[in-house]
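Asker: Sequence:
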Amino acid sequence: MAKTEHGREFYIRKAFKENYGVLMRWGGMYLGSWITPTVYLLNTGSHALFLMYTAYLSLDDIGPMAEALHFVVLLTTACTSVLNSLSQRNRLDNILEAMGRGFYDYGKSMDEVSKREIKIHENVATRRKLLLPRLFITSVLISGFAISIRPLIEYLIVGKFKEYRGDGINRTTTVAVWVPFIDPSILWQNVLVFFLQYVIIWTTPGVVFGTDIMFLCMAEDFSLQLRIIGIAFKRSGQRAMDLYKNLIEEKRYLGQIYSKQELFKKCLEHCIAQTVEHHSLIIDLFYHFRLYNRVMLLWLLVGATFLLCLSGILFVSDKVSLLSKVTFFCFLATELVHTFIFCWYGEQLQRLSMDIGKMFYNSDWFQYSSLVKQDLLLVQKRTNAPLKLTAAGFMDVNLNSYSNVLSSAYSYFNLLSAVKH
Numbered sequence: 262m263a264k265t266e267h268g269r270e271f272y273i274r275k276a277f278k279e280n281y282g283v284l285m286r287w288g289g290m291y292l293g294s295w296i297t298p299t300v301y302l303l304n305t306g307s308h309a310l311f312l313m314y315t316a317y318l319s320l321d322d323i324g325p326m327a328e329a330l331h332f333v334v335l336l337t338t339a340c341t342s343v344l345n346s347l348s349q350r351n352r353l354d355n356i357l358e359a360m361g362r363g364f365y366d367y368g369k370s371m372d373e374v375s376k377r378e379i380k381i382h383e384n385v386a387t388r389r390k391l392l393l394p395r396l397f398i399t400s401v402l403i404s405g406f407a408i409s410i411r412p413l414i415e416y417l418i419v420g421k422f423k424e425y426r427g428d429g430i431n432r433t434t435t436v437a438v439w440v441p442f443i444d445p446s447i448l449w450q451n452v453l454v455f456f457l458q459y460v461i462i463w464t465t466p467g468v469v470f471g472t473d474i475m476f477l478c479m480a481e482d483f484s485l486q487l488r489i490i491g492i493a494f495k496r497s498g499q500r501a502m503d504l505y506k507n508l509i510e511e512k513r514y515l516g517q518i519y520s521k522q523e524l525f526k527k528c529l530e531h532c533i534a535q536t537v538e539h540h541s542l543i544i545d546l547f548y549h550f551r552l553y554n555r556v557m558l559l560w561l562l563v564g565a566t567f568l569l570c571l572s573g574i575l576f577v578s579d580k581v582s583l584l585s586k587v588t589f590f591c592f593l594a595t596e597l598v599h600t601f602i603f604c605w606y607g608e609q610l611q612r613l614s615m616d617i618g619k620m621f622y623n624s625d626w627f628q629y630s631s632l633v634k635q636d637l638l639l640v641q642k643r644t645n646a647p648l649k650l651t652a653a654g655f656m657d658v659n660l661n662s663y664s665n666v667l668s669s670a671y672s673y674f675n676l677l678s679a680v681k682h
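Counting with this note's numbering, you get residues 262 to 682 for the letters of the sequence shown.
By construction, these hints were calculated from the structure, which means they are not laboratory data.
You may find that some hints are simply not true.
Below, in silico cross-link-like pairs of lysine-lysine (DSSO-like), each with a Cα-Cα straight-line distance of 30 Å or less [claimed, not checked]:
| # | residue 1 | residue 2 |
| --- | --- | --- |
| 1 | 278 | 649 |
| 2 | 506 | 527 |
| 3 | 376 | 642 |
| 4 | 380 | 390 |
Label pairs and their computed distance ranges (CB to CB) [what the hints assert, rightly or not]:
| # | residue 1 | residue 2 | range |
| --- | --- | --- | --- |
| 5 | 664 | 350 | 28 to 36 Å |
| 6 | 582 | 541 | 52 to 60 Å |
| 7 | 423 | 605 | 54 to 62 Å |
| 8 | 374 | 350 | 19 to 27 Å |
| 9 | 672 | 374 | 47 to 55 Å |
| 10 | 295 | 380 | 37 to 45 Å |
| 11 | 521 | 350 | 14 to 22 Å |
All residues carry an ideal CB built from backbone N, CA and C; glycine is no exception.
I would like the entire structure built from these sequences, with the hints used as guidance.
Answerer: As structure tokens, this is what we get:
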């Protein structure tokens, strides 16, 4: 690790600021105060229960039932993400500290060609961390805005709000919901439910952003570090030669202690040892990253299956208005992107961790086979067990998982459609 005078908290705050940490605070996922997450969990958790009962009351009406269940899954997943983040705060801080420190410092042992190659990958990672969060934030805000203004648009089109049917369900709010002790025919009680729903609508995006974008930034940094490790192994010989020449030029070479061949061997051993140390650090940090995300990923993949299924039902149902279909098309697109982010990075991290051994093998190790053969065997053995993200150990999170989510969602969609008919 780089030697600096700053403490742990400095690097945590640095990484938190540089990686959209403010979005986690928005959703109450990173404590400044217990007030925000407590209020959010109580309001959102109770609303999820009310929506479950709303779905039960709407069994004979596929539109409101599917819509209520859709938001039950969405809000339950959001609450899980908040609780997971708060309970795993120490693991998150360990990763943020390493990100703030720059993970690993090779000092003078990285040659110029390697530095240029690494710089290219760093620029790509920086552009992704700038562009992808902005695109995702835009898509989520569009969905939130669409659901927020839906009652107003319906009023402007029809000329009145939806009528109360005497079943206790308030249909004039952004999402139809049954709330105990609330009479939908009384104006101030309607306003109260409106307010509570709008609080949820505009705090839940903070949870979604804090979950997805912090994951994206951490996964992008892990991907970059795995690429750097691959480059460092691949160019071990060139790095050792560059370090050897620098020692000679700086007159730090003492001929009476080492012969030139022995000095080069020491340089090569030093370069490989540094890369192994870097690799071990990333493996240890990835352990925290995997455990931090494991429960949330299970809820996400299971929830995404039902969210996509229910969005599809709402989109094709004859009993759902065109305005609601447009609204849930926005949700459907966002949910597809949301799930894809996690699965794509899971695939990327798994592939890059396996590529490290291949890159070492494809280097010019054979020129120094007697010196690095043992190191090569150890690296190959370690990379045979790739770094994997899992959904609480039930499944690996990769593009195959994404395909399974889509396939399962389509199967449930067909099943519910058949039942409806």
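Asker: The structure should be examined with respect to each hint, and the outcome stated for every one.
Answerer: Hints, verified against the model:
At roughly 27 Å between alpha-carbon atoms, residue 278 and residue 649 fall within 30 Å of each other, so this suggested pair holds. Taken as a hint, the residue 506 and residue 527 pair is honoured in the structure, with Cα atoms around 13 Å apart against an allowance of 30 Å. Distance check on the hinted pair: residue 376 and residue 642 sit about 27 Å apart at the alpha-carbon level, within 30 Å; holds. With a C-alpha separation of about 15 Å, the suggested pairing of residue 380 with residue 390 holds against the 30 Å cut-off.
For the pair residue 664 and residue 350, the beta carbons lie near 33 Å from each other, so the given range of 28 to 36 Å is met. The given range of 52 to 60 Å is respected by residue 582 and residue 541, whose C-beta atoms sit roughly 57 Å from each other. Separated by about 40 Å at the C-beta atoms, residue 423 and residue 605 break the suggested range of 54 to 62 Å. Remark: the range hint 19 to 27 Å for residue 374 to residue 350 is contradicted by a beta-carbon distance near 41 Å.
Taking the beta carbon of each, residue 672 and residue 374 are about 51 Å apart, inside 47 to 55 Å as hinted. Separation of residue 295 from residue 380 is about 43 Å and conforms to the stated range, judged on CB atoms against 37 to 45 Å. Between residue 521 and residue 350 the Cβ separation comes to about 52 Å, which falls outside the hinted range of 14 to 22 Å.
Checked against the numbered hints above, the structure breaks hints 7, 8, 11 and satisfies the rest.
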